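Heads up: the sequence lines are chains A and B, in that order.
Using the working numbering, you'd call the opening residue of the first sequence number 1 and step up by one each time.
Using the working numbering, you'd call the opening residue of the second sequence number 1001 and step up by one each time.
Hints were generated in silico from the structure; no laboratory data involved.
Since this is a predicted model, take the numbers as computed values, not measurements.
One should not assume that every hint holds.
Claimed, not checked - Selected chain B positions facing chain A (Cβ under 7 Å, derived; list incomplete):
no.: 1; residue: L1015
no.: 2; residue: Q1018
no.: 3; residue: T1031
no.: 4; residue: N1085
no.: 5; residue: A1096
no.: 6; residue: Y1098
no.: 7; residue: K1106
no.: 8; residue: A1107
no.: 9; residue: V1110
Cβ atoms here follow ideal geometry from the backbone N, Cα and C, with glycine treated the same way.
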Amino acid sequence: MDMVRGDSDFNSASVNGLPSIIAAAHELKSPLALVRQLSLTLEDGQVSASEQKKMLRQISLTSERALRLTSDLTKSARLSDAMFKLEPINPQQLCEDIVYELKPLFDAHGRGFRLVSRKHPLLLVANRDLLRRIIMNFSDNALHYTDGNTAIEIQIRALNAGKTIRLGVRDFGPALSGDMWRSLRGKLVNSTTPVHARPQSSGLGLYIAGQFADVMNGKVGVTRHRDGATFYVDLQASSQLSLL
Amino acid sequence: MSVPKILIVEDDKWLAQQHARILNGAGYKPTVTLNAIEAIQSVDDEVPDAIILDVLLTGNTAFALMHELQSYGDTGEIPIILCTNLAADLSLDDLAPYGVRQIIDKATMVPDDIVTALRRVLL
Chain A
1 MDMVRGDSDF
11 NSASVNGLPS
21 IIAAAHELKS
31 PLALVRQLSL
41 TLEDGQVSAS
51 EQKKMLRQIS
61 LTSERALRLT
71 SDLTKSARLS
81 DAMFKLEPIN
91 PQQLCEDIVY
101 ELKPLFDAHG
111 RGFRLVSRKH
121 PLLLVANRDL
131 LRRIIMNFSD
141 NALHYTDGNT
151 AIEIQIRALN
161 AGKTIRLGVR
171 DFGPALSGDM
181 WRSLRGKLVN
191 STTPVHARPQ
201 SSGLGLYIAG
211 QFADVMNGKV
221 GVTRHRDGAT
231 FYVDLQASSQ
241 LSLL
Chain B
1001 MSVPKILIVE
1011 DDKWLAQQHA
1021 RILNGAGYKP
1031 TVTLNAIEAI
1041 QSVDDEVPDA
1051 IILDVLLTGN
1061 TAFALMHELQ
1071 SYGDTGEIPI
1081 ILCTNLAADL
1091 SLDDLAPYGV
1101 RQIIDKATMV
1111 PDDIVTALRR
1121 VLL
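I would like the entire structure built from these sequences, with the hints used as guidance.
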């Protein structure tokens, strides 16, 4: 069992206003710059057919990543205007769908991506679309802000005697340094602006995930391990099964 | 004449591959590392002729790496080209003491810009 150094929730970062335009621009710059570089190289025509195929695939997957962020931003900006239906959801099924959808992206990066299956199914109360966006966001984050060839796992756990369900995305990359972790925890307690848990991230994804969780009466947070981190969302368990 | 060895430090694996592809085509010998720790290990193994360095890396940033390189006589002399999305916020004058010779903006560069920059700093 990994030593857990502490949990922190991100909801304090999501209470004031919309994410800044600067943070959005920063997050979008990297994928767009990569797409541009690959396109310019393809235009030049000096690459082999197999390289061309690989680069086109990278362009598609990187564009999809950028589009997911823009779609989340739009959703985030309209949260206050919309009603979101909360319903009992089987998180295992939802996570299986996410693994299926993101597998090509992880494969292209040479990274493993799997769901740690549960023997006994759980139900939680959530909005399917928002929950899906949160887990996709954490998975993107784990893929792009950890390095090495380690796998990434989605985990589902019951907490508080089954009253809370935690969906976590566990990475096994290098852990945050002690200084960075102390700084992050301080910001989580005090900040009303986007918080970044990775040095090269603006924290926009976490900010948006926190907003989505708020709408579902949940909270997002991070657990630091000796060999990585778990970004999680806690949601209320559904009592539907016990009523059957 | 030996082939110049270039260390690429870039945490976006696909962009790092892209830089390596361009440098290979231009006759350089690139080595890719994805973070500052790997970069230090690579420099320990073989001192490169120049480093192409992203600023925001997983774990330690470029500044920690540059500070470490400046701590030693031989590595402190390695010319560094920053290739970053933060170019607009950085000043070459401020960073010159860290061995930075040129700053390239990832958002506006063309692929060959890293080759042009290398030719300039390796003169």
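Legend entry - Index of numbered hints that the structure contradicts, given in increasing order: 3, 5, 6
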